[in-house]
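Protein chains in written order, with the working numbering: chain V, 44 to 547; chain A, 44 to 547.
The hints are simulated quantities; they were obtained by calculation from the structure and are not laboratory data. Note that this is a predicted model, so its numbers are computed, not measured. Ideal placement from N, C-alpha and C gives every residue a C-beta, glycine not left out. Certain hints may be false.
Which residues of chain A face chain V? A partial, calculated answer using Cβ under 10 Å [unchecked claim]:
(1) Tyr-106
(2) Lys-126
(3) Ala-130
(4) Ile-133
(5) Phe-138
(6) Gly-162
(7) Arg-195
(8) Arg-456
(9) Asp-489
(10) Val-492
2 protein chains.
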Amino acid sequence: MSTSTTDNKSVEDTTQQLEGLTTTTTTATAKPAAAAVPEKKHKEKKESKKKFVLKTPKGTQDYTPPQMAIREELFNNIKSCFKKHGAVTIETPVFELKDTLTGKYGEDSKLIYDLQDQGGEICSLRYDLTVPFARYVAMHGIRSIKRYHIARVYRRDNPVMTKGRFREFYQCDFDIAGEYDLMVPDAECVMLMCEILESVKVGNFVIKLNHRKLLDAIFAICGVPADKFRTICSAVDKLDKMSWELVRKEMVEEKGLDGEVADRIEKFVKLNGHPRTLMAQIRAEKLCDGHKDAIATLDQLDVLFTYLEAMGCLDRVSFDLSLARGLDYYTGIIYEAIITESDRGSVAAGGRYDGLVGMYGNTEVPSVGFSIGVERLFSILEEEAAKKKIKIRQNQTEVYVCQMDRDINITERLKIIAELWKAGINTEYMYRATPQPKKQIEAASDAQVPVMVLIGKTELETNSVAVKNMATKQQEVVERSQLVAKVQEILKSIDQSQISNLFK
Amino acid sequence: MSTSTTDNKSVEDTTQQLEGLTTTTTTATAKPAAAAVPEKKHKEKKESKKKFVLKTPKGTQDYTPPQMAIREELFNNIKSCFKKHGAVTIETPVFELKDTLTGKYGEDSKLIYDLQDQGGEICSLRYDLTVPFARYVAMHGIRSIKRYHIARVYRRDNPVMTKGRFREFYQCDFDIAGEYDLMVPDAECVMLMCEILESVKVGNFVIKLNHRKLLDAIFAICGVPADKFRTICSAVDKLDKMSWELVRKEMVEEKGLDGEVADRIEKFVKLNGHPRTLMAQIRAEKLCDGHKDAIATLDQLDVLFTYLEAMGCLDRVSFDLSLARGLDYYTGIIYEAIITESDRGSVAAGGRYDGLVGMYGNTEVPSVGFSIGVERLFSILEEEAAKKKIKIRQNQTEVYVCQMDRDINITERLKIIAELWKAGINTEYMYRATPQPKKQIEAASDAQVPVMVLIGKTELETNSVAVKNMATKQQEVVERSQLVAKVQEILKSIDQSQISNLFK
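Chain V with its partners taken away, still in its complex shape (with noise of 0.2 Å):
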């Protein structure tokens, strides 16, 4: 399922804007790598000088290792997630052949990036996860299959690098593919998007949800004409970011809709609440008497907010008929969650698309999920990180082994080094063959690494080993033999944990 992040579309590129890290500069002449590298080489490469802009492709950014020990945290903490619903994995690749993405996205078309053809097939970067899913599940005959896939998508949009909004982003996508009883795989999916938001601390959300054949019958109900129920929907989709009054122009002037049927609309989406509430009400006040494909609907909505309610996670939704949901594939239950304290738009969403895989090939497979928009948690957590001033541990290094004598030969600590490696231990050293005592004991507290192995003469001559707790500061001199036990005893005492503080 694709998390709309394509609030102000653009795909102009003509001023250019270098966004974040950008250097000019010129291409410096390379060292001679060897003395014995051919003159006439030298003098190519002196010749070759050309001014290049050293950045990274519009839209597209580096990610450092304090952001990758952050994203890594939530990656994992999503998987497990995921894993705990029994979900598999798999992989398609970075490019599909442009046929499989054309038509699948309407006016969004115009965002996929095209490879270029250099002889051979004509292939496009994927614009989600979830056609080629579609494709996946097509191509391999498979019947159900319940999987989550992690991986970069590719738009062509205006980038707001600062909201987290790219052109290259993750999405990390849960769905359900089969022939189920009714609302129950739906259950699952809006339980799971519950668990996972509560699992990041990212504040208070709410789960927007509404059912694409109970805004089809409420047009229906307006008098909206069949042939403009998508364009319409497509308006009433805007109301998150317009007022009633814009989205009500829209339909009027620009689409042509009668001012009185818009009206009879506005009734139905500012309509929003409890879903236990909600629904109460529309029973009350009769909204959707008279028109059986509504009554059906939301029959069958009362199924699900009863699951919900079972699970424990009822709550956490919102019914709200103003949402609609972009994409046009979607065919039964629409969904998506917003942070409350939070403008970054929707953090996660998704719906049922019945008929995407059938696209591919005879065979129908029912299908529901949601796609979380990792990088706008991900931007949110990184303020936290910010705003809490946590130091970010880059590496997971455990023990730091030093030298105090600078005549001690480096094969002593190399010796030393590998037993812990060996031990499966977390170990650096300092890469100089006669370093100086302060500067490695600097570099192990810069590290934050929590355990020091030290020698000294005294330690080689009687065949032992100085090893320091780095919290508690204590350090005890043991026999070589027991170095390892040792090191496992301290760090067994030790919550090495330093960014789980961001996460419940």
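Following the hints, position chain A against chain V.
Using the frame of chain V, we list chain A on its own:
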């Protein structure tokens, strides 16, 4: 560092062989999505029937859940080795500005995938992880970093899917950049490569090692003209796939080398063996005497061998004067790992490259590293799993919740499941409102789930649940409030690792 997978280069794509699973199909008309969908839309869909090929692009493939289970285990294994050495990780975009890649790969540049010019920057898919790493180091002004990067790279090469040679494939790179003492980071790279290959059950391996400057010195000693060093080096690089006779022919007939010079080269490139033995032989036979650079490089290699010996991995190394490595940018030691029982070519390779970062700025940052050719390791592991008939679990579900009476309301299962999920237990159930007991038990045992939780009418009346250990077949009825504790107790007693026997 790039593991060369380009044994037989070809960018012709005209024959369009369709590797792997290929299905020709027609776009089926989507089922009516909603009863209220306008008639006109349906008609349009029916008209747009168009033949298309249901496949992934040439040289790419989908990974299925059992493949992903092996891959995930393999990646976690490699990642923990990288972390054991204190490496941080970074991420770079999948495409770079075309200029960033220009002039880095020599002849192989023709294999680079370009993105279509859609107005904006001209970009190309990354060809390896080394060049983006050098760009990253230069752009962020980094003076020292030890990082790993696990990601896919792209080459418009002639794919051989059965041999693990693809157009889209993973590399696992480890590099140490920074000014350090002679051979210290180099030794760590060789050591780490050994540790990774030992940690994965892929059979015996040998690490061939040579030095670019020694090779250049040998060429000089043999009388190769300085401007022919690189092209003769390329010819030597083919010795692992071609006989000396053919390589000699290429040198003399294609590259215009004097026959006597070629014969002198033969004497050198046939030399290989244990580092200490070959070093002694070179010195005893005075093979490099009189050439200053050769003598200096041999002394440096002695330092490396001493470090490797101290760490206990020197016996894995074969000092091999025929090893040349294709890429131009190496400036120091070069090495590659070969699985001795397999014909898959090198499974890991790397070397020192002191000039690459300097090509992006004014600062040289000397670097050494390697790349694990993980697709080849994966294909060995996959064969192994097939040979041993290991049934690979696709997910990590721990508990399956069944209702033994079709009349019980599904919400009873939902309450149990939500409780288990809340306790962090991986739980599944059947997506049916009134499932048959037999079908549920079949599903649970198909999925190799270690614990089953069962409820019947008796259990509901007595506020209890039955918990079954699927390994021992023991079933116990416990109070409803004891459910989570009982399940956790059984899970603790079970070794759930089922793929880990592929690894040591």
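Inset, instruction - Give me the numbers of the hints this structure contradicts, sorted from smallest to largest. - result: Violated: hint 9 alone.
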